[in-house]
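Trainee: What follows is each chain in one-letter form.
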Amino acid sequence: MWCNGFRWASLCCTVFVGLLFFQATPVWAEYGDVTINNRASKEGMRPVIFPHWFHRIRFRCKVCHAELNFQMRAGGNDIKMADIIDGRFCGACHNNQIAWGVENCNLCHSALPGAKTGVYNRGQTTKGPGKL
Amino acid sequence: MRMYRWGFSVFVLMWLPVGWVMAAATWAPLAKDGIHDPANPAVTVLQEPKEAFSNMPRDEFGNFVSWVKALQEGYIAPRSSRSGEGKDNILDLDVLLPDTGAIPMVRFPHKAHTEWLDCSNCHDHIFKPKAGSNPISMGPILDGKFCGLCHGKVAFPLTACKKCHSVEREKK
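Note that the protein sequences, when read in sequence, are chains X and W.
Per the working numbering, the very first residue in the first sequence carries number 1300; after that it's consecutive.
Per the working numbering, the very first residue in the second sequence carries number 1378; after that it's consecutive.
Because the hints were derived from the structure by calculation, they are not lab data.
Predicted model, so just to flag it, every value in this text is computed and none were measured.
Careful: at least some of the hints might be erroneous.
Claimed, not checked - No more than 27 Å apart at the CA atoms, straight line, and that leaves these computed lysine-lysine pairs for DSS-like:
#1 W:Lys1464 <-> W:Lys1488
#2 W:Lys1427 <-> W:Lys1505
#3 X:Lys1341 <-> W:Lys1446
#4 X:Lys1415 <-> X:Lys1379
#5 W:Lys1549 <-> X:Lys1415
#6 W:Lys1409 <-> X:Lys1415
#7 W:Lys1446 <-> W:Lys1427
#8 X:Lys1341 <-> X:Lys1379
#9 W:Lys1539 <-> W:Lys1505
Claimed, not checked - Selected chain X positions facing chain W (Cβ under 10 Å, derived; list incomplete):
#10 Ile1348
#11 Val1362
#12 Glu1366
#13 Asp1377
#14 Phe1388
#15 Cys1407
#16 Ala1414
No residue lacks a Cβ here, since even glycine has one placed at the ideal position from N, Cα and C.
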């Protein structure tokens, strides 16, 4: 069957173009998802994904970005698990009181292993945040 | 029969770009969004964007949700402070930015922004609080400065031109 040149060529074309489309599929994420990998991969954990949309439904921007002093920059906050456990950064809410607690590792550490820090929007992104 | 197999391959292939475009217009499931690890056991515990967004007012970019409308029309009720007892400092003041060449001018609404943000989030380190004193243009914005700090990253993207460029010039 495969020695027929035309069939072989059409199969190759199909596979080639199919592969092209799959490779061309960019990283979607949900718009505004922040991937954070300051030290996760080095410590053997999946990087963290912070979904803005889920939090935006529940809190206005100023709660995290003014009251809790989160910097508006992917990877710009030096967050260690010790800080979170002590109630700083994410730990200000993820303390089993306002939101679920820190023992739920995989709910935050949910990115593909090795994913780099950044905000990967559907190609509708800008080169930012800028340097302040 | 040879012809039918070829035609079938073409038929299957032509749906690939259609599917790709359609997928782009809706919300990808977390396990397939290209950033969440599908092997993570907790990926099925996290809420799917589609579930949260289906009942919210739609928009044509970003999360495909109009967050300003969602807040103003009561679809969501996000807290103003961690404890929920914070007060809002909403300023209803529009700033007109007329230096946009020939295209419609920009209207910056403080109201929509102060419903979400604190004054200190922008003033003074990103925007000097005086009309005309910030050298804003599309170049720096695309580079992530001024409006581009948020718009294009977490707020609606720059492909939504008319959202900002909404004030038509008077025809002479």
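Trainee: Can you confirm whether the C-alpha distance between Lys1427 (chain W) and Lys1505 (chain W) stays at or below 27 Å?
Mentor: violated, 39 Å
Trainee: Return the status of the interface hint for Ile1348 (chain X): holds when the least beta-carbon distance to chain W is below 10 Å, violated otherwise.
Mentor: holds, 6 Å
Trainee: Can the restraint linking Lys1464 (chain W) and Lys1488 (chain W) be considered satisfied, given a maximum Cα separation of 27 Å?
Mentor: Between Lys1464 (chain W) and Lys1488 (chain W) the Cα gap is close to 15 Å, so the pair holds against 27 Å.
Trainee: Between the alpha carbons of Lys1446 (chain W) and Lys1427 (chain W), is the straight-line distance 27 Å or under?
Mentor: holds, 18 Å
Trainee: Would you check whether Ala1414 (chain X) satisfies its interface hint, that is, whether its CB is within less than 10 Å of any CB in chain W?
Mentor: Since chain W brings a Cβ to about 6 Å from Ala1414 (chain X), closer than 10 Å, the hint holds.
Trainee: Starting from Lys1341 (chain X), check that the Cα of Lys1379 (chain X) is at most 27 Å away, please.
Mentor: Roughly 13 Å separates the two Cα atoms, so the pair holds.
Trainee: Does the closest beta carbon of chain W sit nearer than 10 Å to the beta carbon of Phe1388 (chain X)?
Mentor: violated, 12 Å
Trainee: So if I understand the rule, the pair passes when the alpha-carbon distance is 27 Å or less; does Lys1409 (chain W) with Lys1415 (chain X) pass?
Mentor: holds, 18 Å
Trainee: Would the hint linking Lys1539 (chain W) and Lys1505 (chain W) be met if the CA-CA limit is 27 Å?
Mentor: holds, 24 Å
Trainee: May I ask you to test the interface hint for Asp1377 (chain X) with respect to chain W, counting a Cβ-Cβ separation under 10 Å as satisfied?
Mentor: At 19 Å from the nearest chain W Cβ, Asp1377 (chain X) fails the 10 Å test, so the hint is violated.
Trainee: If you draw a straight line from the CA of Lys1415 (chain X) to the CA of Lys1379 (chain X), is it 27 Å or shorter?
Mentor: holds, 17 Å
Trainee: Does the nearest C-beta of chain W fall within a distance shorter than 10 Å of the C-beta of Glu1366 (chain X)?
Mentor: holds, 6 Å
Going through the hint list in order, the structure does not satisfy hints 2, 3, 5, 13, 14.
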